[in-house]
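> Each protein sequence line maps, in turn, to chains R and W.
Counting from 0, one number per residue, gives the positions in the first sequence under numbering that gives the first Met the number 0.
Counting from 0, one number per residue, gives the positions in the second sequence under numbering that gives the first Met the number 0.
Heads up, some of the hints might be wrong.
Claimed, not checked - DSSO-like cross-link-like pairs, simulated, lysine-lysine; straight-line CA separation at most 27 Å: (1) R:LYS328 x W:LYS110; (2) R:LYS108 x W:LYS11; (3) R:LYS189 x R:LYS328; (4) R:LYS354 x R:LYS284; (5) R:LYS123 x R:LYS327; (6) R:LYS123 x W:LYS110; (7) R:LYS235 x R:LYS399; (8) R:LYS294 x R:LYS354; (9) R:LYS495 x R:LYS517.
As the list claims (entries may be wrong) - Below, a sample of chain W positions facing chain R; criterion: calculated Cβ distance under 7 Å: (10) LEU15; (11) ASN28; (12) ALA67.
Note that these hints are calculated values from the structure, not bench results.
Yeah, the Cβ is synthetic: ideal placement off N, Cα and C, and Gly gets one too.
Residue-level listing of the chains:
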Amino acid sequence: MEEHIMDYEALGLKAGLEIHQQLNTKEKLFSHSPSFVRDTAEHNGEVSRYLRVATSEMGDVDRAAKEELMNNRLFTYYTYDTTGLVEIDEEPPAPLNPDALSIVLTLAKMFNMTPLPEICTMRKMVVDGSATSGFQRTSLVALNGSILNSCRIETVAVEEEACQRVEGTIFSVDRLGIPLIEITTSPCMKTPDEVHDVAQYIGMTLRSTGRVKRGLGTIRQDVNISIRDGARVEIKGVQELDLIAEVVRREVQRQLSLLAIRDELTARNALVNGEVYDVTAVFAKTKSQVLKKAKVILGTVLHGFAGLVGMEIQPDRRLGSEMSDYAKKCGVGGLFHTDELPAYGVTEEEVRILKETLGAGREDAVIIVAATEQKCRCAMQMIIRRAKMAFEGIPEETRKMLEGGSTAYMRPLPGADRMYPETDILSVPVSEEYWNSIATPELLTVKAERFVSEYGLDPGMAHQMAFSEKLPLFERAVSEGIRPVFAARTILASLKELSRAGISEDNIPDDSVIAVMKTIEAGNAAKEAVLEILTECAKGMSVSDAVSRVAPAFSREELQDLVHTIVSDRVEFIRSRGKAALGPVMGIVMNEVRGRIDGKVVSEVLDDELGRIL
Amino acid sequence: MTLNNSDPITVKFAGLDMNGIFISRSGENAVVKLSSGYNICVPESLCIPREAALPLEKPATVPLTQDANLPLLSIISTGGTIASTVDYRTGAVSSKFTAEDILRNIPELAKIARYHTLQPFQVLSENMNPAMWQELARTIYDEISKGAKGIIVTHGTDTLLYSAAAISFMLDTPVPVIFVGAQRSADRPSSDNAMNAICSAQTGISELGEVVICMHANESDTTCSLHRATRVRKNHTSRRDAFQSIGREPVGSVAYPEGTVVLANDAIRRDEQTLRLSDNLERHCGLIHYYPGMDPAIFDAYKGYKGLVIAGTGLGHVGTDCIPKIADLVGDGTTVIMTSQCLAGGVCDRVYETGRDLLTAGVIEGGTMLPEIALVKLMWVLGNATRREDIRRLMQTNLKGELAFDLWRNI
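Just chain R, same shape as in the assembly (with noise of 0.2 Å):
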């Protein structure tokens, strides 16, 4: 399925985003805890809890978190010396964090946004484990903003970042509780370029504020998507940008080949009758290591779907691994199924008497699973739930990305059941005041162009240093008076080298970089030497220290007495080789005051000192 080929207009792709992207708070948004997160080997201690949904008077559970239950699960967190009660819900939460609600409001500003006049938090309902209550904390802010002229921004909310799960049912509460906005768009993106453009638009206002956590895993974009005659289907958590628009070509292929496999189905006059099997017999004396340690095996023919289990939808996923997907809720490993047999063991005279006795024909695909009585009965029925889904087409599904850019299926969509109000926390006003006296600040691409046009940046240089998480540190430089192209260069260049070299930035506070620029624009030490006193500045050193050991002060009186006593020492030599004698006698005057004075000031001295001689 080659790109060029796909006319996604005529498809009917619609895909929204949804994008959730840490804020840079001091505290996290319902408690006092500091909001940052850990190594999980720092954890100083661990609770244990089951989580369980209470039904609403409607009788009503939420599907998917009815879906999450069907395990009783006991998970664990882990906690440590920065996490506090409320994480590990044995406390009532603190008042909404004005910082980031502050934020959130800014951004839905720069979005053309109308605020909601009081700001009212729900719990909606999280029972996977992320969330220790057993709901993520979330309060929408704002409603009905546009971007780029096309896109309309539907809603944003401020919520609760859940915990990071460290294996299986293993999590950790210390990502737990710290701010996220939700910015959520329309359906109006129809190709996979725009929604990789829209991303990076709405990623670049939210780093325009300068108050989002930057790096790996603060910002997860979850994509919507559909086309015509196909479903709703949201693929969750994609963290590279440069990945999406990948996802969203991976989506249509799968729906499409759902389609497909649909309207044979159909032509095929296939049947799911839901019987299952007992086929622990079939494989007594099997060589198959799954097979061989199960307890039970059981069976399921679905008839007229041979082929069609194991055909690919997208790279490296069949129909049969989204019924595996399903099977898995139960706790067992996957499925085999007789378009991949034999395999894994499974010899070939195994599948043709699993067949006969199951009475499946060579149009028929036979499912076994394998596991205890009570999972994979469980399994059989998620399977054969799916598998009569597939003469709909395409289920409306909650999917997570996996490597590459594919996907596996999470849960169902989750519905509105899952929605109720947070009694402990009050609402917050925003008056039209407060909403009045919101300064919306620079975009970072406004900014880049500035840089070139009023700083001589070049446009290169100009981008990568507004786009800089050092950019503060620039904008601090520029305004102490320090020449931008220079600041530019010793903060994009420098600290790269820094860093290359294994020395962390973070060492140097910015009140050494400014220090040393200042230094070194005042002559009183060479750009070459930035480098070597930067490096002794992260050691630890003072910059005046770093420069008079580095680079002790040379002054121009200095510099002139040297210079008379080289030329002095050269005199034939100079005379005889005239104005070409500078090249030669500059390099000796250098090699003895190299990073100590600017190479500018030495040419200078040294040809005046020749104009005396020549």
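Put chain W on the given structure of chain R with help from the hints.
Here is chain W on its own, set in the frame of chain R:
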């Protein structure tokens, strides 16, 4: 037109027409639930009623049957929430009291016992009072008389230990009487309500035969502790393991989810006591917490009280200038009991001069009794004895585990 809860409306806001339902008012704003599930607050003038959709039909619920072969437990609800449901449309949380509702919420209970449920009254725990303790004691007595093999009392946690202690003194019980609550609200998936309830039911069918409080033993969902009702304190405002036994280990524990109940050697066993109710209480009693610089005139406010418990400092002291006032109270017929703010350890007023002066003034040492427990006991003792010597002897006798040993022999 005035909007009512659940009215369908259209909200005109931010250039949008959004469908939602009206929930409530918050100042000048209306709280509206949007179809996305979010609640928003917008000026009520922007909410326009729309044609009501047909009310959703409630799904048919399968009637629950209880297993007649299982032992019978009574669940007495006083207002604490053992089970609740959330109306996701309005956010309203409602407590559930019928056996059927409870079993629907916590189906694990159905495998442990069958249940008879009662709700003699419904109050916030902070509004409980001695008259309600008496009513509760009579209700429990009746249920046991009618054959309940165990009693579970659901109760708000704020004053749970007072009620449990009061029942301990008023009732000799041959079956387990378990007080249970939840520290984290029942409408959150992480609530401790279900586990505490399940552990209570397991205790209800166990070999225990006394009044206990069943709550989380630690911050994890692994074990509940059974605290003797006369040796327990709420030591945290919000943690699941807020209740802790003071001066002794809990009388038992329940493993979760296994349900195994392990009892301490000195836990009172089923049928060890004969059912007996003595439900008199003297309500005119007080509890005062001494602090440095306390104005002695405060004691005048207790003139006419039948009893007063002092939570004194250290071994059981108050400032010397308070002693004459206390002597006056005793002289007027008030029984004054000394306990310690230290909670752990016993009172001893024979070590320092202030203590000896207090004894001379007629103060009765409360030994290791916790101040709150001493208050409840004093109400019971004064409700059942009138002679000074009887009162002193009862207050210094270990009746229900509230004292480490009898003190009156030492007089």
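> Given the hint that LYS495 of chain R pairs with LYS517 of chain R, does the C-alpha gap stay at or below 27 Å?
Holds, because 20 Å separates the two Cα atoms, which is no more than 27 Å.
> Keeping to a limit of 27 Å between CA atoms, is the pair of LYS108 of chain R and LYS11 of chain W held or broken?
Holds: LYS108 of chain R and LYS11 of chain W sit about 20 Å apart, inside 27 Å.
> Does LEU15 of chain W meet its interface restraint, that is, does its C-beta lie within less than 7 Å of any C-beta in chain R?
The hint holds - LEU15 of chain W has a Cβ within 7 Å of chain R, the shortest such distance being about 5 Å.
> Starting from LYS189 of chain R, check that the Cα of LYS328 of chain R is at most 27 Å away, please.
The given pair, whose Cα atoms are some 33 Å apart, is violated under the 27 Å limit.
> Between LYS294 of chain R and LYS354 of chain R, is the straight-line Cα distance small enough, at 27 Å or below?
This hinted pair holds, its Cα atoms lying about 21 Å apart.
> Does LYS110 of chain W sit within 27 Å of LYS123 of chain R, going by the straight-line distance between their CA atoms?
violated (31 Å)
> Is the Cα-Cα distance between LYS354 of chain R and LYS284 of chain R 27 Å or less?
Holds: LYS354 of chain R and LYS284 of chain R sit about 17 Å apart, inside 27 Å.
> Check whether the Cα positions of LYS235 of chain R and LYS399 of chain R lie no farther apart than 27 Å.
Holds, at roughly 5 Å.
> Per the CB criterion, is ASN28 of chain W less than 7 Å away from chain R?
Holds, because the Cβ-Cβ distance from ASN28 of chain W to chain R comes to roughly 5 Å (cut-off 7 Å).
> Would the hint on ALA67 of chain W stand, with a C-beta cut-off of 7 Å toward chain R?
violated (26 Å)
> Next pair to validate is LYS328 of chain R with LYS110 of chain W; report whether the Cα-Cα distance is within 27 Å.
OK: LYS328 of chain R and LYS110 of chain W at ~26 Å, within 27 Å.
> For the pair supplied as a hint, LYS123 of chain R and LYS327 of chain R, confirm whether the alpha-carbon distance does not exceed 27 Å.
At roughly 25 Å apart (the allowed maximum being 27 Å), LYS327 of chain R and LYS123 of chain R satisfy the hint.
Checked against the numbered hints listed earlier, the structure breaks hints 3, 6, 12; every other hint is satisfied.
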